[in-house]
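Sequence order for the protein chains is F and Y.
Residue numbers for the first sequence, in our numbering: 1 to 186.
Residue numbers for the second sequence, in our numbering: 1 to 644.
Everything labelled a hint here was simulated from the structure, so no lab data went into it.
Don't take every hint at face value.
[Said to hold, decoys possible] Listed next, the stretches of chain F that the computed footprint assigns to chain Y, with coverage defined by at least 3 CB atoms under 8 Å from CB atoms of chain Y:
#1 55 to 68
#2 119 to 131
[Unchecked claim] A few chain Y residues that face chain F, going by a derived Cβ cut-off under 7 Å, partial list only:
#3 Leu319
#4 Gly323
#5 Gly431
#6 Gly435
#7 Val528
#8 Gly586
[What the hints assert, rightly or not] If we take Cβ atoms under 8 Å as the criterion, some of the chain Y residues that face chain F in the derived model are:
#9 Ser75
#10 Leu76
#11 Leu325
#12 Ser326
#13 Gly333
#14 Trp366
#15 Ile573
#16 Ser574
#17 Gly576
No residue lacks a Cβ here, since even glycine has one placed at the ideal position from N, Cα and C.
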Amino acid sequence: MSRASLFVPLGVFIVILTLGYVGFDLGARSELPSALLNKPFPEFNARLLGEQDQSITRDDLLGQPTLVNVWATWCPTCLSEHEQLMQIAATTDVQIVGVNYKDRPDKALQWLAQFGNPYRWVLDDRDGLLGIEMGVYGAPETFLLDAQGQVVYKRVGDINPRIWRSELAPRLLELGVSIAPGESQP
Amino acid sequence: MIPELGNFALVLASVLAMGGASLGLYAPREPVLQNGVMSMVFGQWAFSFLAFVALVYAFVVDDFSVSYVANHSNSLLPWYYKVSAVWGGHEGSFLLWILIMGTWMLAFCLRSDQYPERFTTRALGVLSLLNLGFICFALFTSNPFLRLIPLSPADGADLNPLLQDFGLIVHPPLLYAGYVGLAIPFAMAVAALLEGRVDATWARWSRTWTNMAWALLTCGIALGSWWAYYELGWGGWWFWDPVENASFMPWLAATALVHSLSVTENRGTFKSWTLLLAITAFSFSLLGAFIVRSGVLTSVHSFAVDPERGMYILIFLALVVGGSLSLYAVRAGQNTAKVGYEILSREFFMLVNNIIMVVALAVVLWGTLAPIGYEALTGGRISIGTPFFNAFFVPLGLLLLGALALVPVLNWKRTRVQIFTSVYQALGVSGLLGGLVWFALDPATLLVAGAIALSAWVVLTHARHLWFRLRKGSVPAAYIGMTLAHVGFAMGTTGIAVTATQSVESDVRMSPQGSITLAGQQVTFVGVTDVLGPNYAAQQGIFIVNDGDRRYELRPEKRQYFAGGNTMTEAGISAGFLADTYISLGEPLDGEAWAVRAHYKPLVRWVWLGALLMAFGGILAVFDKRYARQRRRQLVRQGEVTVS
C-alpha cells in the first residue's frame with residue numbers, strides 16, 4: 001500500500017462532510033421563494049378525496065384565511081408534521097385544506113382514519129395537476145392564503161413546533177385568526 | 001431544585017471530561033497521574049448518572065415546569081411510560097446517550113488491568129474527549145433541564161402514542177449501547193496509532209469490545225424493526241428510512257470490523273484496514289446521530305429540527321473523524337505486513353466479507369445522501385426507495401450466503417481441496433431442497449428458492465462441522481458463537497426472502513358476522529366494542545380466526561389518546577414461528593362495517609430471530625476462554641503474578 005492511498009479515507013470523508021454541510025444549508029433556508037407569493041392562489045376545480053361526485057373551486061376557500069397543506073401517504077415527513085396540523089386544527093379557527101398529492105385515494109383515506117383528519121376538505125390530486133399549478137416541489141408544502149385568496153406565505157418542508165411559533169402563528173394572528181391562549185407562545 | 005442539581009451534575013461531568021481528556025492524551029508515565037485519569041472517568045460516569053436520575057425524578061413526580069417534561073409526559077401516563085418518556089425526545093435521549101457512554105468508559109476502566117498503563121490512559125483520554133463533546137452538546141444546545149417559568153402548564157403534552165410501548169422502552173438503550181460501544185474500538189485504534197503499536201495483541205483486546213457493541217447494535221436494530229412492525233400498523237418491518245439507514249451503516253462497518261479483527265489477531269495482517277474500519281464504524285455512529293438529530297433528512301423518527309444542533313454535530317463530526325483519519329493517514333503506514341495466503345483460505349473469505357460489507361455500506365450511504373446531493377445540484381427533491389436498495393442487496397445477500405457456506409472448512413493460509421467433499425454433499429442436499437421449494441412456491445420465484453437453498457447450505461455445513469468438532473473434544477465458545485451468528489444470518493435471510501415475496505395482504509371492507517379467507521384461514525369479524533385504557537379510549541375489533549384445527553381471537557384496536565388527541569392503530573397479531581396473522585382496523589365505514597387490513601406473513605419472525613441468534617453468537621464469543629485467560633498471562637509476563 002502506498003503512502004498516498006492512506007489519505008483516501010480522509011478525502012472521502014471531506015466529500016461526505018461537504019455534502020452534509022450543503023444539505024444542512026439547504027434545510028436551513030426552507031422558505032423557498034415561491035412564484036405565487038403575494039399573488040392570488042390559482043383557480044382550480046378539484047374533486048374531494050373519497051367523494052368523487054363533489055368538487056370545490058377556489059371560490060370556496062375565500063372569505064377566511066386558509067392553510068393549504070400538500071401531503072401524501074408516501075411521504076414520511078408528512079406523518080411527522082401531522083401531529084402539528086392536528087394541533088393547529090384543534091386550537092385555532094383557521095380553515096385547513098389538504099391536497100392529497102400523487103397518492104392512492106384508498107391509502108389516503110386509511111391514513112386519515114388512522115392518524116386523524118385536521119382538514120376541512122381534502123382535494124384529490126392523484127395525477128399531480130393541481131400540484132403543477134401550485135408550483136409544488138414535493139411533499140409536504142404549506143401555503144397560507146388570506147381571506148381574498150392571496151398567497152401570503154409558503155413553507156417547503158414540515159410544519160414543526162419551531163416553524164409554527166416563529167413563522168406561522170404570527171402570520172395567522174396578523175390575519176385575524178384566533179388562537180387558543182398559550183399556543184402561539186414558545 | 002432537583003433539575004438544577006441534575007444540570008449542575010452535568011456541568012461537573014463536563015469539567016471532569018475536560019480534565020480526563022487533557023491528562024489522558026498527554027499520557028503521563030506516573031502511576032499517580034494515570035490513576036487520576038481513571039478517577040476522572042469514574043467521576044464522569046457518576047455525575048452523568050446523577051443527572052439522569054434527576055431527569056427521571058422530574059418525570060416521575062410530573063414536574064411540568066421543566067420544559068422537556070411538559071412536552072413529553074402527562075400525568076395520566078402509567079409510571080413505566082413516565083420513566084421511558086425520559087428518552088422519548090431529543091434532549092432526554094441524548095442524556096441517556098451520555099450515561100451509556102460513561103458506562104462503557106467505566107467498564108473499560110474496570111477491565112483495563114489487562115492492558116499496558118499508557119495505552120489505557122491514552123484510550124481513556126480519547127474517550128473523555130468524545131464524552132466532553134457529547135456533554136457540551138447537551139449543555140449548550142439540548143439541555144433537558146430548562147424550565148418553563150412562569151408559564152408552567154398544568155399538565156403535559158403527553159408522550160407521542162407511537163412511543164408508548166414496550167418496544168420503545170428497550171429499543172433506544174440497546175441501540176445507543178451499540179452506537180456508543182463502538183467508541184471503545186475507536187479509542188483503542190486511536191491510542192494504538194498514537195503509540196505506533198498495532199499488533200495481534202491489540203486486535204485481541206479490541207475484539208471483545210467490538211463483539212459486544214456489535215451484538216448490542218444488532219439487538220437494537222432488530223427491536224426497532226419489530227417495533228415498527230407491530231406499532232406502525234403498516235405490516236412492514238424495514239422501510240429504508242434515513243434513520244434506519246443511520247443505524248444500519250455502523251452495523252455494516254462493525255460487522256466488517258469483527259471479521260477483519262479476527263484476521264489481524266490470528267495472522268497479524270490486515271492491520272491498516274482494521275484500524276480504518278474501527279474509525280469508520282464509530283464515525284458512522286456519529287454520522288447517524290447527525291442525520292437523526294440535525295433534521296438534514298426528515299423521517300418518521302426525526303427529532304425536532306434545530307439548525308444550531310445540526311451545526312454543532314457537523315463541527316464535532318469534522319473534528320473527530322477528520323482528526324482520526326488524518327492521524328490514520330500519517331501513522332497507519334508503519335503497520336504493513338506481508339503475509340501470503342491463497343484463495344481457498346480464511347483470510348481471503350474474510351476479505352470477501354469485508355468487500356461485501358463495504359459495498360453494502362457504500363450503497364446505503366449513497367441511497368441516504370444522494371437526495372441531498374441531488375437537491376444541492378438541481379434544487380429538486382427526490383426520494384430513493386426500496387427498489388434501489390433491493391437491486392443491490394438481493395445479489396449481495398446471495399453472494400454472501402454462498403461464501404458463508406464454505407467458511408467452516410476453510411483454514412488459515414491455505415485449504416486442501418479434498419476437504420470440500422462434505423461441502424459438496426451439503427450443496428446437493430440444499431440444492432434439492434431449493435428445487436422442491438421452487439416447485440411448491442406460488443408464485444414461483446427463482447431468487448427466493450435460491451436464497452432458501454443457499455441458507456440451507458450454510459446451516460448444513462456449519463452444523464456438520466460443529467458436530468464434527470464437538471465429537472473430537474471441547475469447542476471454544478468463540479467457534480460456537482461464530483456458528484450461531486452465521487446460522488442466524490442464514491435464518492434472517494430466509495425470513496426476509498420468504499416474507500417479502502410470499503405474504504398475503506388483503507385490505508377489505510368487513511361487516512359484523514362477515515368473514516373472509518386469508519391464506520387458507522377463515523377470518524370472521526364479530527364486531528367492535530369500546531374499551532378504556534389508562535390514558536386512551538379505544539374501539540376494539542373482535543376477530544375470530546379459524547385455520548382448520550385451531551380457533552383464536554384477535555383484537556386490534558383503534559386508540560384515541562386523551563392528551564394529544566392522536567389516533568393510533570394497535571394491530572392484533574397472532575405470532576407464530578412459521579407465520580404471523582396480522583389484523584389492523586382501518587376506518588369505520590357506513591353502518592357497522594369497517595375497513596380491515598388483514599395480512600398473512602410467513603416466516604416474518606425469522607427476520608428478528610435470526611438477528612437475535614447473531615447477537616447471541618457475538619456475545620458468546622466475548623466469553624471465550626481465550627479472552628479470559630489472557631489477563632493472567634499478561635500479568636505473568638509483567639512479573640506481577642508469580643506462577644504457582
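Evaluation of the provided hints:
1. 55 to 68: With 0 residues close enough to chain Y, the hint is violated.
2. 119 to 131: It is violated, with 0 qualifying residues against the three required.
3. Leu319: violated (11 Å)
4. Gly323: violated (10 Å)
5. Gly431: Because about 40 Å separates Gly431/Y from the closest Cβ in chain F, which is outside the 7 Å limit, the hint is violated.
6. Gly435: violated (38 Å)
7. Val528: violated (13 Å)
8. Gly586: holds (5 Å)
9. Ser75: violated (17 Å)
10. Leu76: violated (18 Å)
11. Leu325: holds (4 Å)
12. Ser326: Result: holds, 6 Å to nearest chain F Cβ.
13. Gly333: Result: holds, 5 Å to nearest chain F Cβ.
14. Trp366: Violated - the Cβ of Trp366/Y stays beyond 8 Å from chain F, reaching only about 10 Å at its closest.
15. Ile573: violated (17 Å)
16. Ser574: violated (21 Å)
17. Gly576: With Cβ-Cβ at 25 Å, over 8 Å, it is violated.
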